[in-house]
Amino acid sequence: MPAISLPPVPYDATADRPGWAALPAGLRDALAARLGGPPVTVRPAGAGFTRGFAAVLTGPAGEPVFVKAAALAEQRHLVDWYAHEAAVLARLPAGLPVPRPRWALTEAGWYALALDAVDGHTPRLPWDPAELDAALTAYAEVATALAAPPADLVALRLPRLADLARDDILWWGEVAAGREPAPALPPWAPLPELAALEARLPGYADAAPGLAHGDLRVDNVLLDATGRAWICDWTWLCHGPAWFDLVSLLITAHASGLDADAAFAGHPAAAGAPADALDVTLAALSGYFLTSAAAGPSTASPHIRTHQRWSGEQALGWLAARQGWA
1 MPAISLPPVP YDATADRPGW AALPAGLRDA LAARLGGPPV TVRPAGAGFT
51 RGFAAVLTGP AGEPVFVKAA ALAEQRHLVD WYAHEAAVLA RLPAGLPVPR
101 PRWALTEAGW YALALDAVDG HTPRLPWDPA ELDAALTAYA EVATALAAPP
151 ADLVALRLPR LADLARDDIL WWGEVAAGRE PAPALPPWAP LPELAALEAR
201 LPGYADAAPG LAHGDLRVDN VLLDATGRAW ICDWTWLCHG PAWFDLVSLL
251 ITAHASGLDA DAAFAGHPAA AGAPADALDV TLAALSGYFL TSAAAGPSTA
301 SPHIRTHQRW SGEQALGWLA ARQGWA
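If you count by UniProt numbering, then the sequence shown holds residues 1 to 326, one letter each, in order.
By construction, these hints were calculated from the structure, which means they are not laboratory data.
In this text, a Cβ means the ideal position worked out from N, Cα and C, and glycines have one as well.
Heads up, a few of these hints could be off.
[To be verified] The calculated label-pair distances, taken between Cβ atoms and stated as ranges, are: (1) A321 <-> D29: 48 to 56 Å; (2) G178 <-> L105: 43 to 51 Å; (3) L105 <-> E193: 49 to 57 Å.
Build the full structure now, drawing on both the sequences and the hints.
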């Protein structure tokens, strides 16, 4: 089993967000009107890598809602993400462990989206095996439901993972060709093999039916008081294989010293996957994370580059262990 490696900043403490008091007064008044009065408690979300407002607001009646908000002018990309997520969540099949949208409003130059509040916590790292099992069980439900998605969900014209990979994820080939700066790599890392592996991802993704979450990480999972896991943050839903999501989630399981190979092989989402799907995805994700980490300062969370570097190192280390490189 691999040695345990923890991220440089805990996933529940990566966010850099405006507080309630920093929101425009008109927006606070509009939110209070929806809540039946000013919030009694405001519990900020510590996880995430954007600078949008995100918190659980509990009104005078005692019912909590999770609210995301962003400025229409300065954070238009976040507004578009939140509105798209609301459309996705409203169309996901019933019964899934997924927070549903309550309402949305635009006020004082801001857009706000309210979702069901999950009374829970981000899984702790290193992963507790029972919490990982709960997350894998929840994703099995999701993957099964999205294998044949409803027509109104597909009608949203979701992107294809194969296209996203060609545009945004496949980087080792660019590095090998000298078109992108090379991130710092251990001497044993074979660049030609990494480029060859990742290059298979678009073809595999194109051939796969169904939809993938597209951003399944430990900080997009919440565990409630009963131990049930909920899958959150549905901005990047795309046409693609469920096994891609499974790999992105299990990177932190490998880093936690758990048998991530067995977890992947035994999960329903991996059924029918190409024999090298795990290696192909690890190659692609390691290149994406490590080249992103080397891209210079970001306007998102101040911790995003260090987290990308850590995630890339874990993906590359897992791949190296499987390939016998190191």
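Violations among the numbered hints: none
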